[in-house]
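A.B. asks: Numbering of the sequence shown is given in the working numbering, commencing with residue 1 and proceeding in unit increments.
Heads up, some of the hints might be wrong.
Claimed, not checked - Within a straight-line C-alpha distance of at most 27 angstroms, the following computed DSSO-like cross-link-like pairs (lysine-lysine) qualify: (1) Lys93 <-> Lys55; (2) Lys172 <-> Lys157; (3) Lys93 <-> Lys157.
Please keep in mind that the hints were generated in silico from the structure rather than gathered at the bench.
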Amino acid sequence: MEKRLHVVGIGGTLRSSSTSRWALMRALRAARAAGATTELLDLRELDLPFFDPEKSLEDYGPNVARLIVAVRRADALIWSAGAYHGTLAGVTKNALDFFELLADDESPYLHSKPVGLIATAGGSQAAVNAVNALVHVVHALRGIAVPLFAAIPQPWKVFGRDGHLVDESWGKRLDQIGRLVVETSGRLSLPNRPAANG
Numbered sequence: 001m002e003k004r005l006h007v008v009g010i011g012g013t014l015r016s017s018s019t020s021r022w023a024l025m026r027a028l029r030a031a032r033a034a035g036a037t038t039e040l041l042d043l044r045e046l047d048l049p050f051f052d053p054e055k056s057l058e059d060y061g062p063n064v065a066r067l068i069v070a071v072r073r074a075d076a077l078i079w080s081a082g083a084y085h086g087t088l089a090g091v092t093k094n095a096l097d098f099f100e101l102l103a104d105d106e107s108p109y110l111h112s113k114p115v116g117l118i119a120t121a122g123g124s125q126a127a128v129n130a131v132n133a134l135v136h137v138v139h140a141l142r143g144i145a146v147p148l149f150a151a152i153p154q155p156w157k158v159f160g161r162d163g164h165l166v167d168e169s170w171g172k173r174l175d176q177i178g179r180l181v182v183e184t185s186g187r188l189s190l191p192n193r194p195a196a197n198g
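Kindly produce the complete structure, drawing on both the sequences and the hints.
C.D. replies: Here's what the structure looks like:
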């Protein structure tokens, strides 16, 4: 039986009604519909400590280990960030800083893994800035940023109070991102690609 691709979504803010988390959930739903298994890492729930470059994985608690194991297992990822004051939220950047713990893996960091990118913000400029910042992080981690992204301004006009989409045009874009990371990962899953650790 052919192994199903596994997509890990990382995102959300510390707000209980996080629009970036809702957007991520929609994209992951599309990835599942495209045949992948998915896993959501909600940064509010994960409650990570600050990254300390002098600590090893063993120095942290189980939530950091959960993050690292999930990223190692992932064939593709989707990141979804809130944007504050012109760029991505600190909770997102802090989570991504923990990827330094993947530096010594056989396939370091996110080597050749596709990453879909989403940002939500009060204004259009901050959302685009956040996506651009995330592209730089993906490249630094040797990943592949898929060419389609979602920079969602004024998300209170896109999502209802309970997280349902009221602007389906954005739903279609999020669905496209979910499908695209699965498609891209499938094309990159060559027989001689090193297996992920973990």
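A.B. asks: Which constraints among the numbered hints does this structure fail? Numbers only, ascending.
C.D. replies: none
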